[in-house]
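There are 4 protein chains.
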Amino acid sequence: MTIKFKTAISNVNAGDEVVRGENLKNLIVAKTFTEVIFLILRGVMPTSEEVQMLNAVLVSMIDHGPGVSSALTARVVQSAGNDLHTGVAAGMLALGGNRHGGALGGAAKFFQENFETQDLPGLLKNLKDKKIRVPGYGHKVLAHDNRTDVLFGVAKETGFFGKYSEFANTVHEEINKIASKKLPLNMDGANAAILSDMGFDWRLITGFFLIGRTPGLVAQVYEEMQSGEGIRRLEESEIEYLGS
Amino acid sequence: MTIKFKTAISNVNAGDEVVRGENLKNLIVAKTFTEVIFLILRGVMPTSEEVQMLNAVLVSMIDHGPGVSSALTARVVQSAGNDLHTGVAAGMLALGGNRHGGALGGAAKFFQENFETQDLPGLLKNLKDKKIRVPGYGHKVLAHDNRTDVLFGVAKETGFFGKYSEFANTVHEEINKIASKKLPLNMDGANAAILSDMGFDWRLITGFFLIGRTPGLVAQVYEEMQSGEGIRRLEESEIEYLGS
Amino acid sequence: MTIKFKTAISNVNAGDEVVRGENLKNLIVAKTFTEVIFLILRGVMPTSEEVQMLNAVLVSMIDHGPGVSSALTARVVQSAGNDLHTGVAAGMLALGGNRHGGALGGAAKFFQENFETQDLPGLLKNLKDKKIRVPGYGHKVLAHDNRTDVLFGVAKETGFFGKYSEFANTVHEEINKIASKKLPLNMDGANAAILSDMGFDWRLITGFFLIGRTPGLVAQVYEEMQSGEGIRRLEESEIEYLGS
Amino acid sequence: MTIKFKTAISNVNAGDEVVRGENLKNLIVAKTFTEVIFLILRGVMPTSEEVQMLNAVLVSMIDHGPGVSSALTARVVQSAGNDLHTGVAAGMLALGGNRHGGALGGAAKFFQENFETQDLPGLLKNLKDKKIRVPGYGHKVLAHDNRTDVLFGVAKETGFFGKYSEFANTVHEEINKIASKKLPLNMDGANAAILSDMGFDWRLITGFFLIGRTPGLVAQVYEEMQSGEGIRRLEESEIEYLGS
Numbered sequence: 297m298t299i300k301f302k303t304a305i306s307n308v309n310a311g312d313e314v315v316r317g318e319n320l321k322n323l324i325v326a327k328t329f330t331e332v333i334f335l336i337l338r339g340v341m342p343t344s345e346e347v348q349m350l351n352a353v354l355v356s357m358i359d360h361g362p363g364v365s366s367a368l369t370a371r372v373v374q375s376a377g378n379d380l381h382t383g384v385a386a387g388m389l390a391l392g393g394n395r396h397g398g399a400l401g402g403a404a405k406f407f408q409e410n411f412e413t414q415d416l417p418g419l420l421k422n423l424k425d426k427k428i429r430v431p432g433y434g435h436k437v438l439a440h441d442n443r444t445d446v447l448f449g450v451a452k453e454t455g456f457f458g459k460y461s462e463f464a465n466t467v468h469e470e471i472n473k474i475a476s477k478k479l480p481l482n483m484d485g486a487n488a489a490i491l492s493d494m495g496f497d498w499r500l501i502t503g504f505f506l507i508g509r510t511p512g513l514v515a516q517v518y519e520e521m522q523s524g525e526g527i528r529r530l531e532e533s534e535i536e537y538l539g540s
Numbered sequence: 297m298t299i300k301f302k303t304a305i306s307n308v309n310a311g312d313e314v315v316r317g318e319n320l321k322n323l324i325v326a327k328t329f330t331e332v333i334f335l336i337l338r339g340v341m342p343t344s345e346e347v348q349m350l351n352a353v354l355v356s357m358i359d360h361g362p363g364v365s366s367a368l369t370a371r372v373v374q375s376a377g378n379d380l381h382t383g384v385a386a387g388m389l390a391l392g393g394n395r396h397g398g399a400l401g402g403a404a405k406f407f408q409e410n411f412e413t414q415d416l417p418g419l420l421k422n423l424k425d426k427k428i429r430v431p432g433y434g435h436k437v438l439a440h441d442n443r444t445d446v447l448f449g450v451a452k453e454t455g456f457f458g459k460y461s462e463f464a465n466t467v468h469e470e471i472n473k474i475a476s477k478k479l480p481l482n483m484d485g486a487n488a489a490i491l492s493d494m495g496f497d498w499r500l501i502t503g504f505f506l507i508g509r510t511p512g513l514v515a516q517v518y519e520e521m522q523s524g525e526g527i528r529r530l531e532e533s534e535i536e537y538l539g540s
Numbered sequence: 297m298t299i300k301f302k303t304a305i306s307n308v309n310a311g312d313e314v315v316r317g318e319n320l321k322n323l324i325v326a327k328t329f330t331e332v333i334f335l336i337l338r339g340v341m342p343t344s345e346e347v348q349m350l351n352a353v354l355v356s357m358i359d360h361g362p363g364v365s366s367a368l369t370a371r372v373v374q375s376a377g378n379d380l381h382t383g384v385a386a387g388m389l390a391l392g393g394n395r396h397g398g399a400l401g402g403a404a405k406f407f408q409e410n411f412e413t414q415d416l417p418g419l420l421k422n423l424k425d426k427k428i429r430v431p432g433y434g435h436k437v438l439a440h441d442n443r444t445d446v447l448f449g450v451a452k453e454t455g456f457f458g459k460y461s462e463f464a465n466t467v468h469e470e471i472n473k474i475a476s477k478k479l480p481l482n483m484d485g486a487n488a489a490i491l492s493d494m495g496f497d498w499r500l501i502t503g504f505f506l507i508g509r510t511p512g513l514v515a516q517v518y519e520e521m522q523s524g525e526g527i528r529r530l531e532e533s534e535i536e537y538l539g540s
Numbered sequence: 297m298t299i300k301f302k303t304a305i306s307n308v309n310a311g312d313e314v315v316r317g318e319n320l321k322n323l324i325v326a327k328t329f330t331e332v333i334f335l336i337l338r339g340v341m342p343t344s345e346e347v348q349m350l351n352a353v354l355v356s357m358i359d360h361g362p363g364v365s366s367a368l369t370a371r372v373v374q375s376a377g378n379d380l381h382t383g384v385a386a387g388m389l390a391l392g393g394n395r396h397g398g399a400l401g402g403a404a405k406f407f408q409e410n411f412e413t414q415d416l417p418g419l420l421k422n423l424k425d426k427k428i429r430v431p432g433y434g435h436k437v438l439a440h441d442n443r444t445d446v447l448f449g450v451a452k453e454t455g456f457f458g459k460y461s462e463f464a465n466t467v468h469e470e471i472n473k474i475a476s477k478k479l480p481l482n483m484d485g486a487n488a489a490i491l492s493d494m495g496f497d498w499r500l501i502t503g504f505f506l507i508g509r510t511p512g513l514v515a516q517v518y519e520e521m522q523s524g525e526g527i528r529r530l531e532e533s534e535i536e537y538l539g540s
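Protein chains in written order, with this note's numbering: chain A, 297 to 540; chain B, 297 to 540; chain C, 297 to 540; chain D, 297 to 540.
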């Protein structure tokens, strides 16, 4: 007998499964999806404050229209004549990229690795000189992102506005002393700080975006299936041929 | 100006997004993830019974151990040296297959297309003769799946044990009159019937499995990343070479 | 010991691998990629005519610009901040869709299942009434696809213009008796007929598109990586919001 | 008019496509797949030596049995009830991981960035101290990989055994002065050095693995489809449940 996987997540015994020590049948009857998401990722049942905070975080991520690269990918792949799950999975490949939802994990990594720095201005100056953007700051059009205010409002109410959220604000101030245009602390940055203050490892934090956005990707792909538009492609006028 | 996508899902106006007519900031503060999942897929806010039922359905799907083909795929892909989202997306490709989580949509299709049949025994006999399995029935080891009892219990309590759930039970009885071994109405079948009774189109129903299982896939891939096991592959003893 | 996979493809014995009965080291030294593609899919070494024909088929598929849904998907996914292989794999998900490269297999299935029909006009009329398009016919702008002439030219030269290619031409004539606009036998249709005449099962034939287009997807994703364009998304002007 | 993509790869003008300055119809009639792969990735037609070398490289990559993580993934995903292209794309996600085929690009990066180092022993000692493995060296069972000899043999014959191949051998010698067990220069390392000597950028080099292995993945997934095995999963005996 070769043991292939060791797992502490769940113990499947046919129809009698235990998830992180809790009987699945009891969870089905008595717990919300958000509570069990917390349980499976953290190993213990959440407090009511943790549930409230996690709901706010996941709801904030649910959809951002058909034009962002994850939804665009998901709809194009479905339009080529694919099943719903294939479109959603392709969208997830885009979503996790480090210029898209993967920025959540990138921002959390930055906060968790640097919050004790003695020389934040020097660190930020060094990154700016190397043209490395700090993830979690900046927005295509907004100079101030008031979704951040909303999320930090819930964080203050529930007790999760802690050292990483404070640090995210400090970084925000320092970045704007040297930035060429005003950069907001955006929603990804706020969520990264809050999830860090909730105690999650940055390596796991991009996973919350995958969980929070999947319903939006399902909705986008289903809408595409119902649209009757046929296969999507660029117009020739959207392509410029270079070379011979 | 070429309009590429028409959408009724969300209206993104920089930091002021509206999802199905509801301001996202209000949703973040006041609604649970499950409520907003329902909203984005259905277009209206759920009743408290719909929330209770949907929580039960999603919780029932959250994980089924590392050995099922979706989790196995997700962990193997991560183990080859990939990011978290790449493993989860690969797992989702397996998950939606029609022999795996895709059976949810297959069962819902069967119920929605056939519940008014005048000759169920004839229909089932015909499928059996063609060796087509009815999705939602059968289990590797269980003769009775008591997760089905738990889910139907919540459905009765919330008023979603309706015509499709009744039909699922009738199919169950009829199938066992002709099956060579006792087939339970399994959890996929129960969820397919309940989601049909909640009013969801079968074309969308596989999407609930994608939403419900993503947290489990995230947990599995994260556990694999932390395991230090290195790349996974079969042993040579697990392969039999045929031919020359 | 549990045997998991039985395979007749290759026998891996550490550094001494045998592919379909041929020692891999000998293949490396003495055979072309096209010859070994044929070998691994067919189980025997090709004749020179088979090599010539397969080269023509694979070359015809290599790229079709950045605007088709597979290349668009591949570039968008890379642009979100992903590795080369992730972009290429996402592009392949689009490519295999039955409205895109998957049409190759669809056309081959149609030819292989129907070439002995006694009533082709009736069959085509029936499909037209049900608004089912025959894959392999039609083009966005072309009334005649002279790539088909080129491919059939090679097929005649090499002896692979056989019963399926004849049938594809017959279907072409019959379809245009009832079509509302002139439909060419397009390149996918020609390749599907030729690969059928070479003896390949339609279930395998979409695989030739995956093989033939992967170099083009690699080129597209690499070009995107070098472009410095950043993340791709639709403009707001390309989206029309419906509903409240 | 918004230009979305600029490309120098191909100029698609309906049925009259130009690839890197060459008319596609001429390529179909007169060139091999390997020649056009080189053309599309490099921008010019290859010499006969380049064709011979590239054939050897691609053939060496074509398959490595069903047990490696890419083929395992591809077969498991298909077995869950998915289309051929979905299985192949999932396999490609595993394949590009940096512990699997992605090691090709990793080795090429190491050679291209370090071949002018003045202190190779110091560099290797430093990596060893940090427990960073040099990609391209080592094998599960082999102390010497004679596929490397075969590939370097073709490289010497065609004139592509150049500075990077020399460097790969030097690194091999130096690594074995400090390694705890004898490490071969493996096939990935040899191919990475040869493709570097052919003038390819390391950022593109993993792409050759995607091209070379796709036929093998197609063969594996097709064999799985024909096998009648049903969905693959681990046995319960292959999982060890930890925790409560």
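Keep in mind that the hints were calculated from the coordinates and are not lab data.
Since the model is a prediction, treat every value here as computed from it, not as a measurement.
Hints are not guaranteed to be accurate.
Said to hold, decoys possible - The calculated SDA-like cross-link candidates involving lysine to any residue, where the alpha carbons are at most 20 Å apart (straight line), are:
#, chain 1, residue 1, chain 2, residue 2
1, B, 424, B, 377
2, A, 327, A, 302
3, D, 436, B, 300
4, B, 426, B, 462
5, D, 302, C, 363
6, C, 452, D, 495
7, A, 327, B, 426
8, C, 436, C, 478
9, C, 473, C, 534
10, D, 478, D, 439
11, D, 405, D, 377
12, B, 436, A, 348
13, B, 436, B, 410
14, C, 452, C, 344
15, B, 321, A, 453
16, B, 300, C, 416
17, A, 405, A, 302
18, B, 300, C, 344
19, A, 302, D, 427
20, B, 452, A, 322
21, B, 302, C, 478
Stated by the list, open to error - If we take Cβ atoms under 8 Å as the criterion, some of the chain C residues that face chain D in the derived model are:
#, residue
22, 379
23, 416
24, 417
25, 418
26, 420
Built from N, CA and C at the ideal position, the CB exists for glycine as well.
Here's how the hints hold up against the structure:
1. Distance check on the hinted pair: residue 424/B and residue 377/B sit about 44 Å apart at the alpha-carbon level, beyond 20 Å; violated.
2. Using a Cα cut-off of 20 Å, the hinted pair residue 327/A and residue 302/A is violated, with the two alpha carbons roughly 26 Å apart.
3. Only pairs whose Cα atoms come within 20 Å are accepted, and residue 436/D paired with residue 300/B is rejected, the gap being roughly 51 Å.
4. For the given pair, residue 426/B sits about 25 Å from residue 462/B by alpha-carbon distance, which is inconsistent with the 20 Å threshold.
5. Note on residue 302/D and residue 363/C: the hinted pairing holds, with a Cα-Cα distance of about 10 Å set against a maximum of 20 Å.
6. For the hint pairing residue 452/C with residue 495/D, the CA-to-CA distance comes to about 39 Å; that exceeds 20 Å, so the pair is violated.
7. Proximity of residue 327/A to residue 426/B is assessed by CA-CA distance (about 42 Å); at most 20 Å being required, the pair is judged violated.
8. For the hint linking residue 436/C to residue 478/C, the alpha-carbon distance of about 11 Å falls within 20 Å, and the restraint holds.
9. As the CA atoms of residue 473/C and residue 534/C are separated by approximately 39 Å, the hinted pair breaks the 20 Å bound.
10. Distance restraint check for residue 478/D and residue 439/D: the Cα-Cα separation of roughly 6 Å lies within the 20 Å cut-off, and the hinted pair is therefore satisfied.
11. Restraint check: the Cα-Cα separation between residue 405/D and residue 377/D comes to about 38 Å, which exceeds 20 Å; the hinted pair is violated.
12. A distance of roughly 39 Å separates the Cα atoms of residue 436/B and residue 348/A; the hinted pair therefore is violated under the 20 Å criterion.
13. For the proposed pair residue 436/B and residue 410/B, the alpha carbon gap of about 26 Å is over 20 Å, so the pair is violated.
14. Among the hinted pairs, residue 452/C with residue 344/C is consistent with the structure: their alpha-carbon atoms are about 14 Å apart, no more than 20 Å.
15. For the hint pairing residue 321/B with residue 453/A, the CA-to-CA distance comes to about 16 Å; that is within 20 Å, so the pair holds.
16. Among the hinted pairs, residue 300/B with residue 416/C is inconsistent with the structure: their alpha-carbon atoms are about 38 Å apart, more than 20 Å.
17. For the hint pairing residue 405/A with residue 302/A, the CA-to-CA distance comes to about 27 Å; that exceeds 20 Å, so the pair is violated.
18. A distance of roughly 47 Å separates the Cα atoms of residue 300/B and residue 344/C; the hinted pair therefore is violated under the 20 Å criterion.
19. As the CA atoms of residue 302/A and residue 427/D are separated by approximately 24 Å, the hinted pair breaks the 20 Å bound.
20. Taking the CA atoms of residue 452/B and residue 322/A, the gap is about 17 Å. The hint holds against a cut of 20 Å.
21. For the proposed pair residue 302/B and residue 478/C, the alpha carbon gap of about 31 Å is over 20 Å, so the pair is violated.
22. At about 6 Å, the closest approach between the beta carbon of residue 379/C and any beta carbon in chain D falls short of 8 Å, and the interface hint on this residue holds.
23. For residue 416/C, the shortest C-beta to C-beta distance to chain D is roughly 26 Å, which exceeds 8 Å, and the interface hint is violated.
24. Contact between residue 417/C and chain D, as hinted, is not supported at the beta carbon level, the nearest pair being about 28 Å apart and thus beyond 8 Å.
25. The closest approach between the C-beta of residue 418/C and any C-beta of chain D is roughly 30 Å, which is over the 8 Å cut-off, so the hint fails.
26. Interface hint status for residue 420/C: violated, as the beta-carbon distance to the closest one in chain D is roughly 24 Å, over 8 Å.
Checked against the numbered hints given earlier, this structure breaks hints 1, 2, 3, 4, 6, 7, 9, 11, 12, 13, 16, 17, 18, 19, 21, 23, 24, 25, 26; the rest are met.
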